[in-house]
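As given, the protein sequences belong to chains A and B, one line each in that order. Under the working numbering, residues 1 to 633 are what the first sequence spells out, in order. Under the working numbering, residues 1 to 378 are what the second sequence spells out, in order.
Take these hints with a grain of salt, some might be off.
So, partial list: chain B residues that the calculated Cβ filter (under 10 Å) puts toward chain A [stated by the list, open to error]: (1) Leu-190; (2) Arg-193; (3) Pro-267; (4) Leu-291.
By construction, these hints were calculated from the structure, which means they are not laboratory data. Positions of the beta carbon are idealized from the N, C-alpha and C atoms, including for glycine.
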Amino acid sequence: MVQGVRIKDHWKEQRLFERRALVAGALIVVLTLTLIGRLYLLQVMRHDYYTELSQGNGIRTEPIPAARGLILDRNGQLLAGNQPAYQLELVPEEVPDLNASMQGLVKLGLIDADAVDELRRMIKSRRPFDSVPVRLRMSDEDVARFAVHRFEFPGLDIKTRQTRFYPEGELAVHALGYVGAISEPDLQHIDRAAYSGTALIGKLGVESAYEKQLHGGNGYREILVNALGRSVQRQGALMPDLHTHAPAAGDDLVLSLDMKVEAVAEKALGDHRGAVVALNPKNGDVYVLASRPGFDPSLFARGITNNEYAELTDNIDKPLLNRALRGAYPSGSTIKPVVALAGLTYHVLNPDKEEFCAGVYHLPGSTRLFREGKGGKHGHVALQDAIAKSCDVYFYGLAATLGVNRIAAFLAPFGYGALTGIDISGEKPGLLPTPEWKKLAFKRPADQVWFPGETINFGVGQGYLLVTPLQLAHVAGVIASRGLNFRPRLVIGVRDANGVVTPIAPIAGKRVEGVSDADWDRVINGMVGAAGYGTAHASFKGTAYSVAGKTGTAQVFTVAQNAKYNEKTVEERLRDHAWFIAFAPVEAPRIAVAVLVENGGFGASAAAPIAREVMDAFLLDADGKLKDPAQAP
Amino acid sequence: MYEEVTSGSRTRRTLTGTARMLAALKLDGALLVGLGLVAVYGLVVLYSASGQSLPIILRAGAHLGMGAVAMLLLAQVNPNFLRRSSPWLYVLGVVLLLVVDGIGYIGKGAQRWLDLGVLRFQPSEVMKLAVPMMCAWFLHERALPPTVGSLVILAALIFVPVGLVALQPDLGTAALIAIAGSLVIVMAGLKVRIMAGLAALGAIAGWFGWAFMHDYQKKRVLTFFDPNTDRLGAGYHIIQSQIAIGSGGVFGKGWMHGSQAQLQFLPERSTDFIFAVIGEEFGLLGLALLLLLYAFVVARALYLAMQTQDTFARLLGGSLALTFFVYVFINAGMVSGLLPVVGVPLPLVSYGGSSMVTLLAGFGILMSLYSHRKLMGS
Chain A
1 MVQGVRIKDH WKEQRLFERR ALVAGALIVV LTLTLIGRLY LLQVMRHDYY
51 TELSQGNGIR TEPIPAARGL ILDRNGQLLA GNQPAYQLEL VPEEVPDLNA
101 SMQGLVKLGL IDADAVDELR RMIKSRRPFD SVPVRLRMSD EDVARFAVHR
151 FEFPGLDIKT RQTRFYPEGE LAVHALGYVG AISEPDLQHI DRAAYSGTAL
201 IGKLGVESAY EKQLHGGNGY REILVNALGR SVQRQGALMP DLHTHAPAAG
251 DDLVLSLDMK VEAVAEKALG DHRGAVVALN PKNGDVYVLA SRPGFDPSLF
301 ARGITNNEYA ELTDNIDKPL LNRALRGAYP SGSTIKPVVA LAGLTYHVLN
351 PDKEEFCAGV YHLPGSTRLF REGKGGKHGH VALQDAIAKS CDVYFYGLAA
401 TLGVNRIAAF LAPFGYGALT GIDISGEKPG LLPTPEWKKL AFKRPADQVW
451 FPGETINFGV GQGYLLVTPL QLAHVAGVIA SRGLNFRPRL VIGVRDANGV
501 VTPIAPIAGK RVEGVSDADW DRVINGMVGA AGYGTAHASF KGTAYSVAGK
551 TGTAQVFTVA QNAKYNEKTV EERLRDHAWF IAFAPVEAPR IAVAVLVENG
601 GFGASAAAPI AREVMDAFLL DADGKLKDPA QAP
Chain B
1 MYEEVTSGSR TRRTLTGTAR MLAALKLDGA LLVGLGLVAV YGLVVLYSAS
51 GQSLPIILRA GAHLGMGAVA MLLLAQVNPN FLRRSSPWLY VLGVVLLLVV
101 DGIGYIGKGA QRWLDLGVLR FQPSEVMKLA VPMMCAWFLH ERALPPTVGS
151 LVILAALIFV PVGLVALQPD LGTAALIAIA GSLVIVMAGL KVRIMAGLAA
201 LGAIAGWFGW AFMHDYQKKR VLTFFDPNTD RLGAGYHIIQ SQIAIGSGGV
251 FGKGWMHGSQ AQLQFLPERS TDFIFAVIGE EFGLLGLALL LLLYAFVVAR
301 ALYLAMQTQD TFARLLGGSL ALTFFVYVFI NAGMVSGLLP VVGVPLPLVS
351 YGGSSMVTLL AGFGILMSLY SHRKLMGS
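Make a model of the complete structure from these sequences and hints.
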């Protein structure tokens, strides 16, 4: 009806439409220009910004781990190297039937039936195109077995990864240390960027102390990835410039160790708990650093299992303990040559005056009696015999005369109570007791008093005094070189990637001053006597070289009260520790040795023979003749 | 000389032959060339955007073929028949929408498809044509500009299908249908005053509509205003597409050399976001060329609409031409960050059968309206 009122005017309506169409056209032009403006903003004005964003999107950098430096002994023998380890890896998206593959691997004995569920869960949690290791550390036999059946396992392949390899196994493990998986605490003190792509890090010994040199510098490679993070070779015609930065291999280290001698030392220790340290008195080179029992360092490099680790930590013989650096024991009579030097240097001792040993010493002003450690009596002894035969009574008197402060002050320059400064970490300083120390160390006032009797014990190396085998080897070296004091060291040179060895200069410490040549001679003669006719003579019959030595027996006061120790074990562990220090040849010392055998009983019988074997191995050639010093290392 | 004249005349003869054939087929040559260029450009881009997938290209070619057939067939249909069948098509469309919505309600999820066994069919696509046809049919006999009473009825005619599509929920398509219908009314001479009033009303309605939006729809709107608030979620699309376009620069990175597209950082690279692939690989020049082709198609379509001789043809033709531009503008606007992300494909370029067939069917109708003009009228 409403429409009826108005007449439809076709001409007018056409005009109306045309007008609207023109306005619409104009609007289209405006909107299109707006779009072009927006595109101009994005593609011209902000082009650089978006270009950068798009490059960051598609290119990832992937680290290339550097090859870890090798560790060699002084003769170039390989002690730690890198070896490809075989592992079985699986790419989930390429496996048509995961269950069938898993069952197949179980049948081949490559994975445990029990582990299948967990493996499957792990595989499902990964991105479908990432390679997942399903079996680590494959033996050659495993690899061969899989290779035969490979065609049955699409998506599975054997990959090689570099891992640390210790051809000598347990030998010198406490010096070398080992590498293990990077732990949370490790992450605190390393440059994470430098370690991306590196799985292993030095944990102890040289591997840890020289981590920086051994690690080298990782390289990187840029890879093209898509939005899912999948690495792609090429997408469409897209092939951007990808940069690769080659890694710089770590430096090789040349150690002072002589593996031939090290092997002799460890074999001589055998099943005993103990340590042997041998070094060069003229520069501090450590030829032998043995601690038994040891362990296989490869365990850690390949990934130690919980059981294996528990076995090591729960073992009452403490194979992980580096006894050479960290085992602190009373020095026993090995201290006597130094106390004698103190007496001579302070002019309180007449070396030719004989004292009478009736097997017991009576401390003036006290009712207490001090007995010979092994019982018996030495009769009339002068200084040389007192050292050679290790007369306690003689040294009880000398200690009483010297007093604790003079003894301690004289001992300190030899390195007692202080770190030797060897170039691996973990060393213990031992303990050089003084009245001041005692005041601080004890809480109860009654305990803080230094008793005269404690000075007497101190004079024969018992009581509070604690030393490590490394310290005593160092002391033997100081005596051998008549006061020279070199910092013990394991690394003597660094070999770079081009094979050029840069030697590291030895570091000399403050030499022992104030001791006259005559006094050195007197004391060294006493030690020569110990090896020639005294306490250790049985072990040094017919040597091709002259030897100076000193036995020691460290009293064991307590043993850990632990239900695990049966009676026989406790009895064995209450036996004294046996010490022996020595150096040879006496005229021109080339080697100084300290041997400790835990619960070995007397130093003469348990420790001295080991020192003999080590010195023979080092000083003699295959025919049993003394090596020419010029050719010897 | 002789040769040249001969060849020239041969060319002229071929051209006239083609023109005669096109006329017989009721097709418009210029519009056909414009559409063809856009479609070929689209296939070239799609080959790169699909990750060099031949099956996708073949399927896209099939879609193009189906669309061409629909266009050719519709071009033959007499506009009077089209006009008379408009109400029936409209009613059928509304019924199908009700069915789809009902299934969706039972199935508890978004439902847009009607599975006919052999082909899946989207009733909302039909409404993109049926709604403007219905509006043009309604206004055909009435004097223009429309009265207030007519406007109320038209508003209801548009609102019913739009509401049903929005319920699916498919806000993008609902908006496009509403726009297609509204453009008929605008071209019919809707007073500017009323348009301004409606715009104000729309703003208020939008305010209320916000309360009824689905969370994902709200998120889209929010991230449009600040894409960085949700870098890996809803904002990811917008950021990645702007990176793609921006890094393309003036000349682009080259065909199949767009890292954003090839490495799949760009989502929906072969469908809704294909505009960004063009921007990345062919640069500002490539996009300008595409917009130029689109502008030519729209201009030609508008011209054809202006040449028609009755109200139904003019209004429907004008709406089809302008809706086409709206598609382009919304898609390009959302991909380049001017507009919020709504699911609107880039016409004739985005991969997708429904949209391709519907668009070409619309142009088929337009060609029919134009080519049958001398037969029309009383």
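Taking the hints in turn, this is what the structure says about them:
1. Leu-190: 9 Å, holds
2. Arg-193: 15 Å, violated
3. Pro-267: The hint holds - Pro-267(B) has a Cβ within 10 Å of chain A, the shortest such distance being about 8 Å.
4. Leu-291: 6 Å, holds
Checked against the numbered hints listed earlier, the structure breaks hint 2 alone; every other hint is satisfied.
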